[in-house]
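Since the structure of chain A is provided, determine the placement of chains B, C and D on it from the hints.
So you can see what is in the structure, the chains are spelled out below.
There are 4 protein chains.
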Amino acid sequence: MAQRYAQVRAQTVALAAPLSEADCQVQSMPDASPTKWHLAHVTWFFETFVLERFEPGFQPFHPAFRVLFNSYYQAVGDQHPRPQRGLITRPDLNEVRAYRAQVDGRIARLQNGATDTERPGDELLNLMELGLQHEQQHQELLLTDIKHLLACNPLNPIYSPRWPLCTVAPCALEWLNFDAGMTEVGQRGTGFAFDNEYPRHPVWLSAFALANRLVTHGDWLAFMADGGYTTPRWWMSAGWEWVRSQRITAPQYWLPAEGCESNCEWTTFTLHGRMPIDPHTPMVHINWFEADAFARWKGHHEGLPLRLPTEAEWEHAANMQNPCWAEQGNFLDSGALHPLPLASLTDGLMQMGGDVWEWTGSSYLPHPGYQPWEGAVGEYNGKFMVNQMVLKGGSCATPRSHIRASYRNFFPTDARWQFTGLRLARSL
Amino acid sequence: MAQRYAQVRAQTVALAAPLSEADCQVQSMPDASPTKWHLAHVTWFFETFVLERFEPGFQPFHPAFRVLFNSYYQAVGDQHPRPQRGLITRPDLNEVRAYRAQVDGRIARLQNGATDTERPGDELLNLMELGLQHEQQHQELLLTDIKHLLACNPLNPIYSPRWPLCTVAPCALEWLNFDAGMTEVGQRGTGFAFDNEYPRHPVWLSAFALANRLVTHGDWLAFMADGGYTTPRWWMSAGWEWVRSQRITAPQYWLPAEGCESNCEWTTFTLHGRMPIDPHTPMVHINWFEADAFARWKGHHEGLPLRLPTEAEWEHAANMQNPCWAEQGNFLDSGALHPLPLASLTDGLMQMGGDVWEWTGSSYLPHPGYQPWEGAVGEYNGKFMVNQMVLKGGSCATPRSHIRASYRNFFPTDARWQFTGLRLARSL
Amino acid sequence: MAQRYAQVRAQTVALAAPLSEADCQVQSMPDASPTKWHLAHVTWFFETFVLERFEPGFQPFHPAFRVLFNSYYQAVGDQHPRPQRGLITRPDLNEVRAYRAQVDGRIARLQNGATDTERPGDELLNLMELGLQHEQQHQELLLTDIKHLLACNPLNPIYSPRWPLCTVAPCALEWLNFDAGMTEVGQRGTGFAFDNEYPRHPVWLSAFALANRLVTHGDWLAFMADGGYTTPRWWMSAGWEWVRSQRITAPQYWLPAEGCESNCEWTTFTLHGRMPIDPHTPMVHINWFEADAFARWKGHHEGLPLRLPTEAEWEHAANMQNPCWAEQGNFLDSGALHPLPLASLTDGLMQMGGDVWEWTGSSYLPHPGYQPWEGAVGEYNGKFMVNQMVLKGGSCATPRSHIRASYRNFFPTDARWQFTGLRLARSL
Amino acid sequence: MAQRYAQVRAQTVALAAPLSEADCQVQSMPDASPTKWHLAHVTWFFETFVLERFEPGFQPFHPAFRVLFNSYYQAVGDQHPRPQRGLITRPDLNEVRAYRAQVDGRIARLQNGATDTERPGDELLNLMELGLQHEQQHQELLLTDIKHLLACNPLNPIYSPRWPLCTVAPCALEWLNFDAGMTEVGQRGTGFAFDNEYPRHPVWLSAFALANRLVTHGDWLAFMADGGYTTPRWWMSAGWEWVRSQRITAPQYWLPAEGCESNCEWTTFTLHGRMPIDPHTPMVHINWFEADAFARWKGHHEGLPLRLPTEAEWEHAANMQNPCWAEQGNFLDSGALHPLPLASLTDGLMQMGGDVWEWTGSSYLPHPGYQPWEGAVGEYNGKFMVNQMVLKGGSCATPRSHIRASYRNFFPTDARWQFTGLRLARSL
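Residue numbers (the numbering used here), protein chains in the order written: chain A, 1 to 428; chain B, 429 to 856; chain C, 857 to 1284; chain D, 1285 to 1712.
With the rest of the complex left out, here is chain A (with noise of 0.2 Å):
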């Protein structure tokens, strides 16, 4: 626990490691957090729910932290406006690092004086590795967030030249077929996982089939070629409404090249800079309108009846065809900060894990008998299971350990920030 603890904290400030202290003090919008807030809120998590608890004796390392850096949790107290997390620029960033360190030494010498006289105790045990999650949730978050950052500069700054994703080859789509019948969803194993992938529960799964691999920017770029932004047809009601309220022409981060006109060719914000699109990578910044629109448009030109899988039937997918997580994906924690290479996919389901996170047909809703966390940590997941959606998978950006079938990402209908694309299917 102490090397993996080590491990862990340490890859979050490596990924801190090539911004600027204006560049970890800023927030660009509401949704999006400081680089500064993150470091120190999951270091907040660990002296809140493990050193208060269990620290002989404890004193907080600045007593106005507990509501600065208190992201959600009502039964911790108040929390500083989320808004507002940007203009906190004292304490500065060398006071944050202090405070991880300082929080860092105090946990080393919980567990060593834990390890004197007795094993840790379950929950100590279960507290640490639930902040471990935590942070590594937060590492996401913390590029997701300077990605938006940056891509406000109009001088387009680089986060590192080190995050290209590799070319990948292209790849026709092809239908994988599933059969009828009842299935488990759900944690099953014994590895951690949050409260909201338990319990494990029967479901009952009519005859679908799958696309092979993710949705590209090339087909993205039919859609759009097709008037994909401009038909109300293929959209929610919802989601034209926002379409037209936000005059939405095309995906988050995309620009028409510089000085063109018309016949655009279109470039997107990266984390290596302003790039054309490549049109055989996996589709991304797309929010769960334009996923579902996407889905109806291609439908209607195939002839199917396509849409996005349900939560049921990718994690059934995941589950029966074992794909091997190792070896696929561009995984955040892959033992560089940039992504590895695509391993060669020939077969089967690919892209599910390590790539995007991927939009489900599911409302996240707690599986049957869900129970949170007892305690504050309860708040953790069960306080939002209303008005958002489900993704499944991992993006580049995700920690290796975090892509399992039963993990429950979520996001509202309208986000476009995170590493979100999509996978088409469809009922037999």
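If you're looking for bench data, these hints aren't it; they were derived computationally from the structure. Computed from a prediction, not measured in an experiment: that's the story for all the values here. Among these hints, one or two may not hold up.
[As the list claims (entries may be wrong)] Listed below are the simulated EDC-like cross-link pairs for lysine to aspartate or glutamate, each with C-alpha atoms no more than 20 Å apart in a straight line:
id, chain 1, residue 1, chain 2, residue 2
1, B, K811, B, D459
2, B, K811, B, E669
3, A, K383, B, E669
4, D, K1667, C, D934
5, D, K1667, C, D1270
6, C, K1239, D, D1698
7, B, K811, A, E241
8, A, K383, A, D78
9, D, K1667, D, D1479
10, A, K383, A, D31
11, D, K1667, D, D1362
12, D, K1667, D, D1315
13, A, K383, A, D195
14, C, K1239, C, D887
15, A, K383, B, D842
16, B, K811, B, D506
17, C, K1239, C, D934
18, B, K811, A, D414
19, C, K1239, D, E1525
20, C, K1239, C, D1051
Using the frame of chain A, we list chains B, C and D on its own:
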């Protein structure tokens, strides 16, 4: 069909009869529509989807009505902006009545003409039936919308003194248990059903229990007395944000009794005026956030993980218990404009239709294999299957023929102006 | 006084005569009020400020009206929220008519009773006069508000076919010069004037020139053809922000002629329906930002520093030139509901009253030494002396007796629904 | 000029010296700008208006800066959106410092080069002077903006412990009378003045009186104790709307002392941290609505029609009394970063400059005959002459050379984050 057409159309007119021209004109919020608009729109539905298709030499009553009274059918063309429906003072109410009369005559001729030479085709009959079902849905909306308008008036105007909900005898809450197993959900009969009730499909249910009766106004007073609206613990994060930003302290239409400063009696606004709260009648005019928070609060105090029922649980229970729909409830069209007395309900599931719509824990998503109807009427239901929750049963304002187990009503989680309440459930 | 009271009150009713009950009910925007509200509010003014004070045994017509029809008098008590005036469908129009009739009767008895024993006191007479002046102001608002409402209707309904503005013969723009020197501003006569017209006070004017006529629709078409609405150079910073954020491309009520795609003729909405633009009539329905930008644009092209006149310049010129108010203009109460022909105006200052209100370059601030009236009527004018600009003259909808040099009309810089235009000026 | 250039530029850097990179980055509201942006924008001003015009072979430091650091000059081209100034984390602070240094060098070479061959032309000298005056204006904004940012932080960070305002001895309010007559307003000297201070022009003043001193914090506490913020009577209609919609109960930056529940002492946030209210120091951080309401309240209690002075009254009094500007006040550049002790002011008009900006009752409109400068710098002042009120004098953050009678500061009526207070006046 001709007789049924006449009855349904007359019922709509009867519902508007107590209203002045000014009452019929005004739109009290963007979600509600003026009575005059309802009267015209349901007529537009017949003119556009029946007459335009089947009437020889079709000429519209007024060319501009195609846009003015189109609700949301993109395939038909443009729509007058929804929030501006109340600004259309011309055509006046008399011209809308003339519109209704003219279309009624044309529909009659179409049906007679068809009868002379051949039986009306299935497509015509289906669209006529859809038009009537559609008009009945607007009958309920007309009542909820006019209630919202009248409630904005500090004079507390009365829609109709003949709208007393009978008193309800107190009834202890009991739990009815249901075993785990496969069931089926969706329309099974041969009667009319909307496209969103299809296809009937298998579902696995884990064991659960349902409350025998609805949550009452008295239950809600206890929730409020215990700080229900000031305790974040019971609320979804989005629900708490709604409470705080809207400064919510009570259900829709509730006000403290006049002149009262502390320990106040509450009153509520009804279609027969402002009235004291009756603790034994079903709780009504709460949104999903409130229903969900109540269940969590009640569960905490009972030591049980209480929640809202899922749509499948509710529908399964309704089918299993075979609630005698015709005997219950205060249906809109039970022979009078005002509700009937509640039947004596001494055992089993009670109040499953005709009292209040019951919020479920299920999102409004397509049934597996769902296909919208062909053509413009395919926009009837399918475009709204996101960010809404399912309601089951039917209210005192719901036409009786709309009360069936597979019926799927749906509203966003913050909507309160419909006749919406809840029944408790729990997993076993 | 009794005869004048009857005439003014009858004129208000006559203005509402062409309108249906629905027309009288609706509020098209927060700044406008329903006709029914105008009819009631001006009656409330007499009941509250005259009867409540002088009527023995005063009993209100309806206790709730004290709040419902109070516009903004804090000293009287609460007010129904302004944006919700259109939601009050009860009392209906008949009851408001009965309210008017009852108050008219009580006012008559009050005046007769006073006459029997003694002459009505000055205070009563003053308040009666104020009530009539107030009602006349609302006569103009009634017309501008109903015009705004009808213009929201794509059917382009007609208020009255008898509202033709006569054509105006083309007239070359000439400059009238005024020497520098002392002048006086403010009410000098013995007739009625509002508190804000006092005290008459000395002002030094530098030499200036005024245009002999108003800016015309034809002048405005030249401004638009030269990119007036797309060139930031002509606009105040706040004006340009208004243009961009509201996507303004033309004056209020202007639309391209139907079916026209490029090089369009423009039409405008009038009280007698949608009409082609007449290039010789005075420009109307522009706000201060537009008037100011036009002057700057015109000045650039003329090589002169053109601007709006100040209030003092305008008032001084009006007093100097002694425009024959009674001979000019299209006054509201010149004996018919529709405007009179424009008098032949061959020299001197023309169109100084009875055509359009003229924006000035002066903020609406108190005259030096200004004191609001005593009591609640002190809120009549004094509370609005910030963030508004003065308009002088009077429009085709202004009662003739309100056309005088010292009259101070005022609106915010973005208001366009009044009959507002401009005359050019420059410093010498 | 070279020496003065160096001094002004160094003063700006000195003001930013106490701030971290994060402090310099953040924008706390759309009206405020980041310190880093101020540092760059004032440099952009020299580069754009001086170097681009006069430097042989001009090459910009960075082409993108032309847009990034353009505040509002439409004639120069596009501007980065004002509310997003804080999102520009690159260039970082070091690069902005390099930008300053490079431009400083080029300016020096330009001046030296000019000196070698010929005296720098008047136009160059004028633009250099304008650039320095402009930079000095931003010195004050830098302080008010950073104060607003730091005040958003619950930790109450200190800008500089060396910013104590000296205590002020209590001083009774006395009235100084001024006779009616002609005066002149506007710049009369030969020193620098902005275009909006011209032309000097005659004005007639009615007799008036001015208070000898500013309204104090103690005066304000009396206003609040008498229900100042809860009594509509004292407020303009728009001011009362502001109070209610923003739920205002105290001046900007005021908070009850910590832990206090009733009968609280108030504290305020200053550049040297959160402090108790000192009743004898000048009231500061109120907007025009508050200043205006205070005068009306005070006048009611004194039985005098108190009001704000007009700009002309204030300027006339300042010129008549010849306040010894250099002896008074806490000027920004009086030789130290922190304010000087207040001079002993025993008679006459006191605190006319160097304490707080004084709200007047005059709108910010052009002087008669005003002409903006030629070219892009004509946008400096002229585009803002609407919907703002004039402030006179100068605050503790105002560079001393900006304290003169004709100087016209201006802000909207709801702005509170500047160092703004008031002096009472009345008509005689």
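A quick look at each hint next to the structure:
1. B/K811 with B/D459: holds (17 Å)
2. B/K811 with B/E669: violated (27 Å)
3. A/K383 with B/E669: holds (11 Å)
4. D/K1667 with C/D934: violated (40 Å)
5. D/K1667 with C/D1270: At roughly 16 Å apart (the allowed maximum being 20 Å), C/D1270 and D/K1667 satisfy the hint.
6. C/K1239 with D/D1698: holds (16 Å)
7. B/K811 with A/E241: With Cα atoms ~11 Å apart, B/K811 and A/E241 stay inside 20 Å; holds.
8. A/K383 with A/D78: Holds, at about 16 Å.
9. D/K1667 with D/D1479: holds (12 Å)
10. A/K383 with A/D31: holds (17 Å)
11. D/K1667 with D/D1362: With Cα atoms ~16 Å apart, D/K1667 and D/D1362 stay inside 20 Å; holds.
12. D/K1667 with D/D1315: holds (17 Å)
13. A/K383 with A/D195: With a Cα-Cα distance of about 12 Å, the restraint between A/K383 and A/D195 holds, given a limit of 20 Å.
14. C/K1239 with C/D887: holds (17 Å)
15. A/K383 with B/D842: holds (16 Å)
16. B/K811 with B/D506: holds (16 Å)
17. C/K1239 with C/D934: holds (16 Å)
18. B/K811 with A/D414: Holds, because 16 Å separates the two Cα atoms, which is no more than 20 Å.
19. C/K1239 with D/E1525: holds (11 Å)
20. C/K1239 with C/D1051: Between C/K1239 and C/D1051 the Cα gap is close to 12 Å, so the pair holds against 20 Å.
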